[in-house]
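Undergrad: In the order they appear, the protein sequences are chains A and B.
Under our numbering, the letters of the first sequence match residues 382 to 646, in that order.
Under our numbering, the letters of the second sequence match residues -11 to 150, in that order.
These are calculated hints, taken from the structure and not from any lab test.
Any given hint could turn out to be false.
Capping the alpha-carbon separation at 25 Å, the derived lysine-lysine pairs in BS3-like fashion look like this [what the hints assert, rightly or not]: (1) B:Lys129 - A:Lys445; (2) A:Lys448 - B:Lys95; (3) A:Lys428 - B:Lys129; (4) B:Lys41 - A:Lys422; (5) B:Lys129 - A:Lys387.
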Amino acid sequence: MIEINKENFEMIMFDLVEGNIGEPQKSELLNQINNDEFLKKEWELMKLTVLEVDENLIFDNKDKLIKSTGNIKFFNFYIVSSIAASLLLLAIILLKFNKPETRKISIKTDVKSKIEHYKNIEKSKEFLSKKTDKFNISSTTKSRQKPIIKDKNTNEITNFDSINIFKPNYDIIIVKKQNIEKINYSTIYDLEIKETDFMNIEKYKLKNKSKYDILISNTYKIKRVWDDLPNLKIKIIPKVKNYKPSIDITLKGDIIYANATIEIK
Amino acid sequence: MTPSQYNICVKQYADGVYRFIMKNLRNSDEAQNIVQNTFEKLWVKREEVNFEKAKSYIFTIAYRNMIDVIRASKRISNIEDYHENVMSASITEYSGIKTAIEKIVNKLPEKQKSVLMLRDYEGYDYKAISEITGMTEAQVKINIFRARQFIKEKIGSINTLL
Chain A
382 MIEINKENFE
392 MIMFDLVEGN
402 IGEPQKSELL
412 NQINNDEFLK
422 KEWELMKLTV
432 LEVDENLIFD
442 NKDKLIKSTG
452 NIKFFNFYIV
462 SSIAASLLLL
472 AIILLKFNKP
482 ETRKISIKTD
492 VKSKIEHYKN
502 IEKSKEFLSK
512 KTDKFNISST
522 TKSRQKPIIK
532 DKNTNEITNF
542 DSINIFKPNY
552 DIIIVKKQNI
562 EKINYSTIYD
572 LEIKETDFMN
582 IEKYKLKNKS
592 KYDILISNTY
602 KIKRVWDDLP
612 NLKIKIIPKV
622 KNYKPSIDIT
632 LKGDIIYANA
642 TIEIK
Chain B
-11 MTPSQYNICV
-1 KQYADGVYRF
9 IMKNLRNSDE
19 AQNIVQNTFE
29 KLWVKREEVN
39 FEKAKSYIFT
49 IAYRNMIDVI
59 RASKRISNIE
69 DYHENVMSAS
79 ITEYSGIKTA
89 IEKIVNKLPE
99 KQKSVLMLRD
109 YEGYDYKAIS
119 EITGMTEAQV
129 KINIFRARQF
139 IKEKIGSINT
149 LL
């Protein structure tokens, strides 16, 4: 049995705090320490030398370190099947919608480019919530310049500053705008936006707000499907045109740009 | 190591490396740079690095990088400066035991501080720490011992004065 005393306590306490002493001996030593005021005080101090992990210190830029797995075949399969699953879920939700209660429910979308600029959901909400009837979102340059929002009534121009998605050296997946039965996709590198796109949005109204909320809440379910993709943002726009409900979905992340329209038949 | 395993390493170890470097250097920008460089090197060497040994590899790279940064910025004080700093550390600046310990740890020589952090933050054994730092296991143990003794004595002296 080891006896701890004023001559050897430093090394023994060090071994104790380091976990270098096994259980039976440890208990015996702790008993001895607790029965001696001097040793007890030293032991309390020794325990304070064990550093505590500061959980508040975290590395915020992990997303920047994450790499694409580079398995295009697998990735495409994953994307297509995920989109199909997501859209199917949305279709089921949308089919449960009541028939539109008014003809005023409409969003007209006129996309001349197959590659749409990304507008995140917050921005969508922002301009949808404005009172003005019509907006014209346009980008008329060939490069990556940001599109602008032009208010047709006041001619006020606002920059759209949410576009920062196309990173060189990343694979970017484009899912072209198609019906659900026929999703096409392609892989491109270092995307350049060379086409002009326009989107005209008329006054957006959905009388049954709760249904819209249900739809939006389901976007989070979709988000879970895509949870491992870095910086993923999802935009969903439900549409009713000529009594035909449909939904636009845009998924955007560091390694994906997906865009699809589903028509409910 | 596959790209997926590399991504797992980022998720599992980036915070720990950052914490280790940040606590040593107390400079967020430098700590972030070192983490970034470390994982860039891991990515380049991923095919040569065994996933099971990735954590040790990451900390080794980060530690060496940190030493280079310290040397470059001449942060390593000589022994005289070190003792001067320790002796001049004002007791009155300590507020609370955690803050006091943090300040005492910052007064430790770089080697002692690093090995103590690897031991306490990451739970490495002496062998793993010796592989990361290039010290022998005996040197690792003695450095941890000295670090703990130093912290204990400083806290003891604060307690006595208070």
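Undergrad: Hints first: check each against the structure and report whether it holds.
TA: Here's how the hints hold up against the structure:
In summary, the hint linking Lys129 of chain B to Lys445 of chain A is not supported, as the alpha carbons are separated by about 37 Å, beyond the 25 Å threshold. Distance check on the hinted pair: Lys448 of chain A and Lys95 of chain B sit about 38 Å apart at the alpha-carbon level, beyond 25 Å; violated. Simply put, Lys428 of chain A and Lys129 of chain B have alpha-carbon atoms about 17 Å apart, close enough for the 25 Å limit, and the pair holds. Note on Lys41 of chain B and Lys422 of chain A: the hinted pairing is violated, with a Cα-Cα distance of about 40 Å set against a maximum of 25 Å.
The hinted pair formed by Lys129 of chain B and Lys387 of chain A meets the criterion: a straight-line CA distance of about 21 Å does not exceed 25 Å.
The structure fails to meet hints 1, 2, 4 from the earlier list, while all remaining hints are met.
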